[in-house]
Each structure stands twice: as C-alpha cells, then as structure tokens.
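Participant: Now for the letters of each chain:
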Amino acid sequence: GAVVSQHPSRVICKSGTSVKIECRSLDFQATTMFWYRQFPKKSLMLMATSNEGSKATYEQGVEKDKFLINHASLTLSTLTVTSAHPEDSSFYICSANQGNYGYTFGSGTRLTVV
Amino acid sequence: DQQVKQNSPSLSVQEGRISILNCDYTNSMFDYFLWYKKYPAEGPTFLISISSIKDKNEDGRFTVFLNKSAKHLSLHIVPSQPGDSAVYFCAASGSVGTSYGKLTFGQGTILTVHP
Chain P
1 GAVVSQHPSR
11 VICKSGTSVK
21 IECRSLDFQA
31 TTMFWYRQFP
41 KKSLMLMATS
51 NEGSKATYEQ
61 GVEKDKFLIN
71 HASLTLSTLT
81 VTSAHPEDSS
91 FYICSANQGN
101 YGYTFGSGTR
111 LTVV
Chain Y
1 DQQVKQNSPS
11 LSVQEGRISI
21 LNCDYTNSMF
31 DYFLWYKKYP
41 AEGPTFLISI
51 SSIKDKNEDG
61 RFTVFLNKSA
71 KHLSLHIVPS
81 QPGDSAVYFC
91 AASGSVGTSY
101 GKLTFGQGTI
111 LTVHP
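Chains P and Y, in that order, give the protein sequences.
Numbering of the first sequence is given in the numbering used here, commencing with residue 1 and proceeding in unit increments.
Numbering of the second sequence is given in the numbering used here, commencing with residue 1 and proceeding in unit increments.
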C-alpha cells in the first residue's frame, strides 16, 4: 500500500531556533499534502494544504510566516517551524492525497521546544 | 466551531462484545466520511470509509453506518478485541467548496477493550 514517510519522529529544540519536518510519499506522487497539528487529548487540526509548485493554503488562525511550507517536488513537502516557542510544542502529522479520497498519513513528529 | 463531533471521550467494552463509536457532523457539504485508529505518538491508520450515497459499509469486523438526515455516523466493531484498544477518530470531507480534499476530524474516542 501507499506509504508516507515523516521525519524526524521526535525533535527537541531550543526556544528561538527553527525546525524542519519532512513528509515524503514513497511510492506515489502527491500534488497535494496536508499538515495537521494535534494538541494533547485534542483532535487533529488542519494547519495548511501544501500544493506542489505553488504556495501553501493556510487555515484561518495559522501563521504562514511561522509555519513555512514548501512542496518542491511531487514526493516531498516540508514544514518549518520558525523561531519556535514552547507553545509550538505539539504533534505534527502530514498526509498525502492519492486522489479519490485516498489519504495516507505519516507517522507524525513530536516537537518539544524547551 | 466543531463541525465534526465525537461526544463520547471514552468507551470501555468487554472482549467479544460490540463496540459502537458515534460521530455527528454539522456541515451539509460533507459527503465522505472516514474512520481512523490512532495509537499515541503515531499517525492515524485508515479503517473504513463511507460515501454519502450509501448508508452502510462493511469490512470484516468493522461496519460504518451513515444517517444523512440526522447527520450522524457510527462505527461498529464486532467482536471487539483487546488489540482494538486505541483512539478512534471520525473525519469528514467534501467534494466541493472549501471543504474539498480536506479532512475535518472529530475529537476522538478512546476505546478500551478488556480481556
């Protein structure tokens, strides 16, 4: 089946630094990828839609300058959390759309900002 | 504005019995619904889905029922097994408008199946 690889699975960074999270579709091309964030004991909230070759579409309330998304190829989207703060600590998950509602999720990245 | 709601934060079931997880939605543009299973610190795993043109879809021990008039869906797991213990999310998507291609998730229900 389709596989989406997300890296790293865990990252601890100092406040003020930037962290990049990668999301790769391993055996299919994904023109669209989605980035979600999950707070403890909460639902997964869509942050943005990553479109290959064009700008990402951000959901209301998500700071695009804070969460930089790059979808440079049909198999790779990256999310960079810039100038991270402790409140950015969360579980970030990407998903890729295979079309016809075939969504495959990455394994997630646990970000801790200290 | 919670467009997809799972009002039961947790459910405890005996092994072998039926687990019923419920989900309600408010956006009438949603026409595709999915259930995911999630373990801590892992991404969601797809379980089963249903299109709004159907009212039931079955896959092994998992059956999803959709009641469009009530904007309600449910996931039935029978028989329940201890390995089913996880957080279950329902999600909805639409084929048109602003909900196209995006998944809106419920808050999740923690299912615990006791041996």
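Check before you lean on any hint, since a few could be wrong.
[What the hints assert, rightly or not] Simulated crosslink set (DSSO-like; lysine-lysine; CA at most 27 angstroms straight-line):
id : chain 1 : residue 1 : chain 2 : residue 2
1  : Y       : Lys-54    : P       : Lys-41
2  : P       : Lys-20    : Y       : Lys-102
3  : Y       : Lys-102   : P       : Lys-41
4  : Y       : Lys-5     : Y       : Lys-37
Because the hints were derived from the structure by calculation, they are not lab data.
Participant: Indicate, hint by hint, whether the structure satisfies it.
Facilitator: These are the hints, each one checked on the structure:
1. Y/Lys-54 / P/Lys-41: At roughly 31 angstroms apart (the allowed maximum being 27 angstroms), P/Lys-41 and Y/Lys-54 break the hint.
2. P/Lys-20 / Y/Lys-102: With Cα atoms ~23 angstroms apart, P/Lys-20 and Y/Lys-102 stay inside 27 angstroms; holds.
3. Y/Lys-102 / P/Lys-41: 21 angstroms, holds
4. Y/Lys-5 / Y/Lys-37: 16 angstroms, holds
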